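Number of protein chains: 2
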Amino acid sequence: MSELPHRPLRHSDLADLDHRDPLAPFRRRFQLPKGVIYLDGNSLGPLPTAVPERLSRVIEEEWGRSLIRGWNDHDWIGLPLRVGEKIGRLIGAESGEVVVTDSTSVNLFKLLAAALKARPGRSTVLVEEDGFPTDTYMVQGLLDLVGGHRLRRAPAEKLAEALDDDVAVMLVGHVHYRSGALRDLHGLTAAAHHHGALALWDLAHSAGAVPMELAACRVDLAVGCGYKFLNGGPGAPAFLYVARRLQDELTQPLSGWLGHADPFAFEADYRPAPGIARHLCGTPPILSMAALDTACDLLLEADLEALRAKSLELGGIFQRLVEERCAGLGLELAGPADPRQRGSQISLRHPHGYAVVRALVERGVIPDFRGPDVIRCGLAPLYLRYADLGAAVDHLRQALEEEPWRRPELQTRQGVP
Amino acid sequence: MSELPHRPLRHSDLADLDHRDPLAPFRRRFQLPKGVIYLDGNSLGPLPTAVPERLSRVIEEEWGRSLIRGWNDHDWIGLPLRVGEKIGRLIGAESGEVVVTDSTSVNLFKLLAAALKARPGRSTVLVEEDGFPTDTYMVQGLLDLVGGHRLRRAPAEKLAEALDDDVAVMLVGHVHYRSGALRDLHGLTAAAHHHGALALWDLAHSAGAVPMELAACRVDLAVGCGYKFLNGGPGAPAFLYVARRLQDELTQPLSGWLGHADPFAFEADYRPAPGIARHLCGTPPILSMAALDTACDLLLEADLEALRAKSLELGGIFQRLVEERCAGLGLELAGPADPRQRGSQISLRHPHGYAVVRALVERGVIPDFRGPDVIRCGLAPLYLRYADLGAAVDHLRQALEEEPWRRPELQTRQGVP
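Top line first, the protein sequences correspond to chains A and B. All the letters of the first sequence, read from the start, carry residue numbers 37 to 453 under this note's numbering. All the letters of the second sequence, read from the start, carry residue numbers 37 to 453 under this note's numbering.
Hints are not guaranteed to be accurate.
Which copy is meant is left open, because identical chains are indistinguishable; a pair holds if it fits in one copy or across any two.
What the hints assert, rightly or not - Below, computed lysine to aspartate or glutamate pairings styled on EDC-like, alpha-carbon distance capped at 16 angstroms: (1) 153 with 202; (2) 70 with 97; (3) 70 with 96; (4) 122 with 52.
If you are wondering where the hints come from, they were derived from the structure by calculation, not from laboratory data. None of these values were measured; they are calculated from a predicted model.
Here chain A stands alone, though its shape is the one from the complex (with noise of 0.2 angstroms):
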């Protein structure tokens, strides 16, 4: 943390702040609406500068002229695996070890299954409690269709505990949705390893807001979101990780051509192509992957250190700027207090928060809210400036002064929260 006056902070010290960042330039690289303040980027990143003119080209030259010619001339079909080195790079994985394809939760079907098999004998899938819901429903739908396994929930301090040799894979998220808490990646991975399970993590909340060691940690098998901190555009394709040893050993249920040995020689019959190209099933959205391609391209230019720390420093501000200017009107943190023990996001209760939520989005001022009471900010270090913290907790106070929630038309839940 930098060293900031023990009086209250003034707008001045979060200049100086800005001023001083050595992340500031990456702002001007995306398309920013005036007037927005935007702590949402762990559920949608904004729009990369770089986007427009490569789904232009994408578009027009490579789908409008190449036509079919494309899959080669443009390499379209080695797009899964070149971003999926990217995003490798950015979650400390080894290389071939990450794949772009289908979603987090058809992705966490595929792992969850070879996993399985490759622990026979044992019937038990462990999950977070209170973990990202599709995270549960994706281990429930896939027992259901194999039967005779059980899921286990336990809290996430209480996981080590709940380990045992009937858990053939633990499944937990990096950083929790709604709390923001980041789990141990190296402990709990060593502990699932110590009773012969396999440990699958969800990244969907970290990657590309928090540094990690997949291959060094020993990790086995990984997911992750690409429209969150990739910003790689609404409904992005998702990216799937498998230990390098492991690859030979896992196959997955979703046995689609392209994972295929020899996808263009349509053989009658399923061979798995070697290494992570396996885990590849139909054929990827070229136009979605493209964008998420051009994203991961900006945040490799970023130093993950220098990412993560200006996280914690954002973290740790905006947590003082809401006890010096929110004080007594409500709010509550939630989720650990420490920010190096919060992914780059942090949530605060308040029991209106629905109304709190929708009345900060009235002023410009964007978190999402997470039920029952939860306000939650993601705090992007590549494009929020400490300005916008200020900013943000005093329309958050002023909010909260005007009692939104006797507003009527505030109460009514949108569709999507």
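Let chain A serve as the given structure and place chain B on it in line with the hints.
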């Protein structure tokens, strides 16, 4: 078929047909590169002129300015069902029977698994022998996962005979990918029902080109592809159809959050949404889906029966031109001789088919190759002119006369054939 002279066809005959073609104005709605005759719209449809503007709007205005609010403000969240409704009109489904999601392969997995669960006690999945490989691969992946079932293959003409009371589901391609043979949607569905089996159709090579009445034929389940005759762009999302009468009964195992009855309640357990929405899984790729949406609008402007009439005429004339202009050059028709028994494509066999296709591509005529020896020509009536067929067949004759298989550089297989 039009009245055509009995003498060999001339350019003026073809130009006359183009002049009278009611679909001719649609050609201008595509960005087709100059000097190219595109016979591969059954593999990747060309770029509709309205797509670049739509995508630019989705990227810069919707993603760029609305950010996370795009899910509500631009109804991204509704796209899978809205585009599904459009495709439903193209395939004779009723409202609420189609959703756009994932890839064709992933959708096959969902529906195959749902079908097995809906037919307990039956242990056979019947597929067309030599059908589209990924269809069979997906069956293999599923059966390997669930155990206790078997794959039965039968030639298309023996499928009805191969049905028995152990068949849970029969999976057939509506149009055979290589030969173009059109299967009997109504008859085979009825045959499956006679044995209590479900009929699952792969419409990848027919949707958007062959009119069909899924609901009237009482088809149970279907999947199809967004990037072939629907022109949705490279790797466009796929679609999935479930007859309304089966929707409450069927559940699928890729139980992701978007198929949940209340996706934003973040409940601890999965509850399938009512209706077709339960077949959604993860977050949809909005950029790719928006392109497909715009492409479907274009197709919906055309009269599907007029489309089929022109497709039949294109097929008959192409065949006749090959007979008239390429006799004795080693070509042989693959698939049915009657255009009415084909989809919107025609396939020719040649011992050196691969080199011939490469030589055609050099000349700006783009069909594709399917092993071992098939030159596959898509005949998309929305943008193909009769005069294009004359020019294409002239190139074919010239290419054959040059014996391109003597050129070593045309022997080497490229990544995507």
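Checklist entry - Given identical chains, is residue 153 near residue 202, meaning Cα to Cα at most 16 angstroms, within a copy, between copies, both, or neither? => result within (14 angstroms within a copy, 27 angstroms between copies)
Checklist entry - Between copies, within a copy, both or neither: which fits residue 70 and residue 97 at Cα up to 16 angstroms? => result between (31 angstroms within a copy, 13 angstroms between copies)
Next on the checklist: My question is about residue 122 and residue 52: at a cut-off of 16 angstroms on alpha-carbon distance, are they close within one copy, between copies, both, or neither?
Outcome noted: Classified as neither: same-chain Cα gap 33 angstroms, cross-chain 54 angstroms, threshold 16 angstroms.
Checklist entry - Between residue 70 and residue 96, at a C-alpha cutoff of 16 angstroms, which is it: within one copy, between copies, both, or neither? => result Intra 29 angstroms, inter 13 angstroms, cutoff 16 angstroms: inter-copy only.
Violated hints amount to a single one, hint 4; each of the other numbered hints is respected by the structure.
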